[in-house]
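Modelling step: build the complete structure from the supplied sequences, incorporating the hints.
Protein chains: 2
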Amino acid sequence: MINSNKNPQVKNLMLLQKKSKVRKEQGVFIVEGIKIVMETSFERLEKIYISESFSKIDEYRGFLESLKYEILSDSIFATVADTVTPQGILAIVKRNIYSVEKIITDKTKIAHILVLESLQDPGNVGTIIRTAEAAGVTGIIVNDETVDIYNPKVIRSTMGAIYRVPIVYSDNLSDDILKLKREGIKVYAAHLKGENAYYEENYRQGTAFIIGNEGKGLSKEIADLADCYVKIPMCGEVESLNAAVASSLLMYETMVQRLKG
Amino acid sequence: MINSNKNPQVKNLMLLQKKSKVRKEQGVFIVEGIKIVMETSFERLEKIYISESFSKIDEYRGFLESLKYEILSDSIFATVADTVTPQGILAIVKRNIYSVEKIITDKTKIAHILVLESLQDPGNVGTIIRTAEAAGVTGIIVNDETVDIYNPKVIRSTMGAIYRVPIVYSDNLSDDILKLKREGIKVYAAHLKGENAYYEENYRQGTAFIIGNEGKGLSKEIADLADCYVKIPMCGEVESLNAAVASSLLMYETMVQRLKG
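Residue numbers (our numbering), protein chains in the order written: chain U, 1 to 261; chain R, 1 to 261.
Careful: at least some of the hints might be erroneous.
Copies of the same chain look alike in the list, so a pair counts if it works inside one copy or between any two.
As the list claims (entries may be wrong) - Below, computed lysine-lysine pairings styled on DSS-like, alpha-carbon distance capped at 25 Å:
hint : residue 1 : residue 2
1    : K153      : K216
2    : K220      : K94
3    : K94       : K47
4    : K18       : K47
5    : K216      : K35
6    : K153      : K18
7    : K35       : K193
8    : K260      : K231
9    : K260      : K193
10   : K107      : K21
11   : K18       : K56
12   : K102      : K11
13   : K35       : K181
14   : K47       : K107
15   : K56       : K186
16   : K260      : K107
17   : K18       : K107
18   : K231      : K56
For the record, the hints were derived by calculation from the structure and aren't laboratory data.
If you want it as C-alpha cells, here you go:
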C-alpha cells in the first residue's frame, strides 16, 4: 500500500489531475468512480488505483480479482482524487487520437458534427459531449482555446460519453472547417444575426454546427466561414442561451429530422 | 466605510450568502455584479453594497449618484462576495411571492409550466430558469427538496431571468400538480417509459412538464400524477440527459409548436 505523497506515482497522479500539459505529454487522462472505470476497455486502461477502504468492499471483490491495481491509503487517495467525496477508485486511461479526416471519411454515417470555439466552462463542455452521444453526433472538433476535454470536471459531466464520441483537437479551426465544407458538409453557426430559425433548416444531409464561447460568442473569423447562420428564437429579455442548451437544441433538431426521415 | 467583519451588516451578508434558511426568513436574496444590480427594480431593492475600488470607477459614477449604498473595504467585500473575482457591487433584493393560483389564472397566456422535483445542481436549476424565460414558460413550480433557487450559484446561472420568471415554492407538489390538472393543463413527465417521443405530442394547449432529480429521476408518487409520459430518444449508450438539457428540449418543442401555430 502506498501511503506517502512523495511516492512518484502519487506525484504523477496529482500532476495529471491538475495539469492539462502533463496529461497531453503522457497521452492519458484520469477517470474516477466505479461506473466509468468499469466501462473502460482493456486496450485503453493504463493503471487502476483504489483506496484501502475500497479494497475491502465485498461487492467489488470479484471485479477486483480480475485486475491489477495499486492500493493507496485513504488519505493519499483523497489527495489525488478530484471529487470531494471520492468513491475510492480511479484509473489512468489512454487517449484516442482522432483526426478530422477520420471523422468525415466514415461513410456509414451521415455527418453530424459539432465545432466548439473557445468554450470555457468544463460543465458545459462535458454536457455537450454527453448530449452529442445521445443525439448521434459523429464527431466533435474543438480548438486549442477550448477548456481541456480531459479536465476532470469535463470527464465527470460527460457521464462516460468521453469514451464513445470521437473528439478532435484542432490546431487550425479555420482549416478544419474548410475541410468539412469541401466534403459537402453544410456548416451552420448559431448566431443572433441568423435569418431563419434553427428549426426552419434541413439537416438531413451532412451537417456541422459551430458553437462559440459562452460570453463572447463566435469570433468573426470563424463565423464568416459558416454557410448559414441560424437563430434560436428567445422570448423575454434573455440575451442568449447557455452554450450547452443551444448546442443541444441544434443537435436534437438534427436527430429528430433524421428520425422522422 | 465598513472595514470590520464584525459589523452587523457584514455578518448578515455572510449569512444571507450561505444560509438558505436566513434568506427565507428575511424574504430576500443577494445578487452580484453590475449587470444584474442595474436590472433590479426599485420596488425590490433593499440595499446596495459596493467595494471601495468600485466606488472610484469613473464609469459608474453617474449610476451611483442616484442611489444610496454602503461602501465596504475591498477585503471585506471579498469576504461577503460569493464570486471568486467580485466586480465590487452586490445588492439585497426582496423576493416575489407567487402562488400556483396566480400562475394558472393568468388567462392572457397559454399555460407553459415546469415542475421541478428535487433537482440538486445549482447550475442546472439556474440554466433551466434562464431557458424557461427564453422559451416563454409561464411559471415554474419547485418542491422543498430542490436546491434553493436563491442560492448565489443559481442566481448567477439564471443571467437575470430570476427577476422575470414566476417561480412558486410548493409545500405539496402532488396537490399543486392536481391543481394544474383541474385547470385542464395536460401534465407530461419526461420518463424512460414514455410511449411517444416528446416531439410526437401536441403542446399547443396548456402544458406542464415534470422534471425529476438528476440521479434518481422522478419519484413514483409524482410520476404517477402525470397524464402522459414522453421519452427523449437517445443514441449510443447514454442512460439519460442532463436535467437542464432535457428540460430545454421540452420547453423549446412547446415554444416552436406554438410559434408554428
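Consistency of the hints with the structure:
no.	hint	result
1	K153 / K216	both (22 Å within a copy, 21 Å between copies)
2	K220 / K94	neither (35 Å within a copy, 41 Å between copies)
3	K94 / K47	within (10 Å within a copy, 53 Å between copies)
4	K18 / K47	within (18 Å within a copy, 40 Å between copies)
5	K216 / K35	between (36 Å within a copy, 16 Å between copies)
6	K153 / K18	both (11 Å within a copy, 24 Å between copies)
7	K35 / K193	between (43 Å within a copy, 23 Å between copies)
8	K260 / K231	both (22 Å within a copy, 15 Å between copies)
9	K260 / K193	between (28 Å within a copy, 20 Å between copies)
10	K107 / K21	neither (34 Å within a copy, 57 Å between copies)
11	K18 / K56	neither (28 Å within a copy, 37 Å between copies)
12	K102 / K11	neither (35 Å within a copy, 58 Å between copies)
13	K35 / K181	neither (38 Å within a copy, 39 Å between copies)
14	K47 / K107	neither (35 Å within a copy, 61 Å between copies)
15	K56 / K186	neither (54 Å within a copy, 50 Å between copies)
16	K260 / K107	within (21 Å within a copy, 35 Å between copies)
17	K18 / K107	neither (38 Å within a copy, 54 Å between copies)
18	K231 / K56	neither (54 Å within a copy, 40 Å between copies)
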